[in-house]
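Starting from the known structure of chain V, fit chain B onto it as the hints suggest.
There are 2 protein chains.
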Amino acid sequence: MSYVLQVALRIKKENVDAFMKKVLENAAHARGEPGCRHFDVLVDPKDPTHAMLYEIYDDEAAFVAHQATEHFKKYVAEAVPLLESRERIVWSLAR
Amino acid sequence: MSYVLQVALRIKKENVDAFMKKVLENAAHARGEPGCRHFDVLVDPKDPTHAMLYEIYDDEAAFVAHQATEHFKKYVAEAVPLLESRERIVWSLAR
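Residue numbers (this note's numbering), protein chains in the order written: chain V, 1 to 95; chain B, 101 to 195.
Okay, chain V solo, but in the shape it has when bound:
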């Protein structure tokens, strides 16, 4: 069953450009993973510090595989510290 992850992000104001560069890099790599069906990076048009990730994986195992990749580890080490907050919500796809 599809595994959908929504990540609500608040970026520290001074880190917006640096964070966006790294999250888009991670997204581009993730879309190349066999188990990743969709990976969008969204920004609030009225507030560049307010962003969201929308990710779809074949199943939970594909998401676990995503977290073992070098690009995700790099994202966690370099991009996540630039954030104010990060809330992860798991959804089921009713379609």
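This list has only true hints and no planted wrong ones.
Sample of chain B residues facing chain V (criterion: CB under 7 Å; computed from the structure):
{"hint": "1", "residue": "Val-104"}
{"hint": "2", "residue": "Val-141"}
{"hint": "3", "residue": "Leu-142"}
{"hint": "4", "residue": "Val-143"}
{"hint": "5", "residue": "Pro-145"}
{"hint": "6", "residue": "Tyr-154"}
{"hint": "7", "residue": "Trp-191"}
{"hint": "8", "residue": "Ser-192"}
{"hint": "9", "residue": "Ala-194"}
It is worth saying that the hints were derived from the structure and are not from the lab.
Positions of the beta carbon are idealized from the N, C-alpha and C atoms, including for glycine.
Relative to chain V, chain B alone:
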């Protein structure tokens, strides 16, 4: 530029089955629209009254066209009254 709509939904407990049937009908029709690129219906695996829509349109005009369709009007007339709450958030796709 892509127009992304996230709709956070709370369904009245007694209306979950009725609402899900109607929202999935609307979603299936919407995916057939020329300007609709993605339309997902998500449900919280821990709480069936908590749902979300994730919609991507070519641009705002395509979203306006979506709202003029018969299936959307039917959804607003028949499904929306079954809800506790409905919050619409517009995003820009950074990709």
